[in-house]
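These protein sequences, in sequence, are chains X and C.
Residues in the first sequence are numbered consecutively from 1, following the numbering used here.
Residues in the second sequence are numbered consecutively from 1001, following the numbering used here.
Everything hinted at is true.
In silico EDC-like links for lysine to aspartate or glutamate, alpha-carbon gap of 20 Å or less:
1. X:Lys182 with C:Asp1097
2. C:Lys1182 with X:Glu59
3. C:Lys1006 with C:Asp1080
4. C:Lys1135 with X:Glu143
5. C:Lys1182 with X:Asp95
6. X:Lys154 with C:Asp1164
7. X:Lys182 with C:Glu1101
8. C:Lys1113 with C:Glu1064
9. X:Lys113 with X:Glu143
10. X:Lys182 with C:Asp1095
11. C:Lys1182 with X:Glu101
Hints were generated in silico from the structure; no laboratory data involved.
There are 2 protein chains.
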Amino acid sequence: MRRYDKKDFPTSEIRRFLEPGPIVLVSSAHRGRTNIMTMGWHMVMEFEPSLIGCYIWTENFSFELIRRSRECVFNIPTADIAATVVRIGNTSGRDIDKFAEFGLTPVAGATVKAPMVAECFANFECRLADARMVKRYSLFVFEVVKAHVARTPKYPRTIHYRGDGVFMISGRNTSRYRRLFKPGML
Amino acid sequence: MRRYDKKDFPTSEIRRFLEPGPIVLVSSAHRGRTNIMTMGWHMVMEFEPSLIGCYIWTENFSFELIRRSRECVFNIPTADIAATVVRIGNTSGRDIDKFAEFGLTPVAGATVKAPMVAECFANFECRLADARMVKRYSLFVFEVVKAHVARTPKYPRTIHYRGDGVFMISGRNTSRYRRLFKPGML
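Using the sequences and the accompanying hints, generate a full structural model.
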């Protein structure tokens, strides 16, 4: 699997990669245990500070790792590792070390202890910003405190989940409607 | 513009269309005023009841219509009306009637007063389920109480926003990874 060469990316601009709705891999660490989970229920919530919201089921092994460590990394996988993404989503960190099991490379983040996945196109280091909606909705609000994005390609080919084992693969990107935007709306 | 012939769809399965992250048109009505807004910041939050979360900026004309009426419709537009979607996002309901201005057809919903957009592939009638996070995060939690989805095609070609006037058009759908799922995970 390819390990992407990345550069720093403005945290206020990560909507470029998250707003289109890709499946993400969320990595975490707490007291010597690490894990990776597959997630599709997330949204951008603010540019500055860079906030994202996501749903993490209480039964996921990652739930407690993230709730206790108050950190995680959002990693964006590309379509070429879709099979690995599915395998990650269909196993539990209670039983296996997913980095070892799936041949993924943990890379130290700059600001969080949760490991980043080198084989993902982008890594967003996150700190838990608000846990008040966790109990009622399993909704975590994170601030993205540091973003790393591959130098090329400009836009990754991502996978988007429809449920029932079906994925949509991201298609072409277009700027043809850009002329219809008011300057202040860009 | 094509008006889609739709049938009832299980509200617990709307993730098929929302989880991939398309731009949606949110329609609303309150005291004789209607509006449509373009939205990219939303997420699935629960299957049953069918909950979705979304961010609506306080400055949007739709903010007060939805907050006061406690209803809206999530409409999913397809790529063929992308230009109209952008125009809707770059005008305000304070100044124009967007249904009339853009030649869209309002259709009465079964359970909400907010009009559905006939030219969209799917219409999800929503009731405000939780407004407690509106003040702090502009985050609305809706319950989808009724869903209408086009009979064909099975999967729409949707538009996904990256910011800066750039859209990703949804690509092909694949079930090739389905065999990797555990039965209970499908």
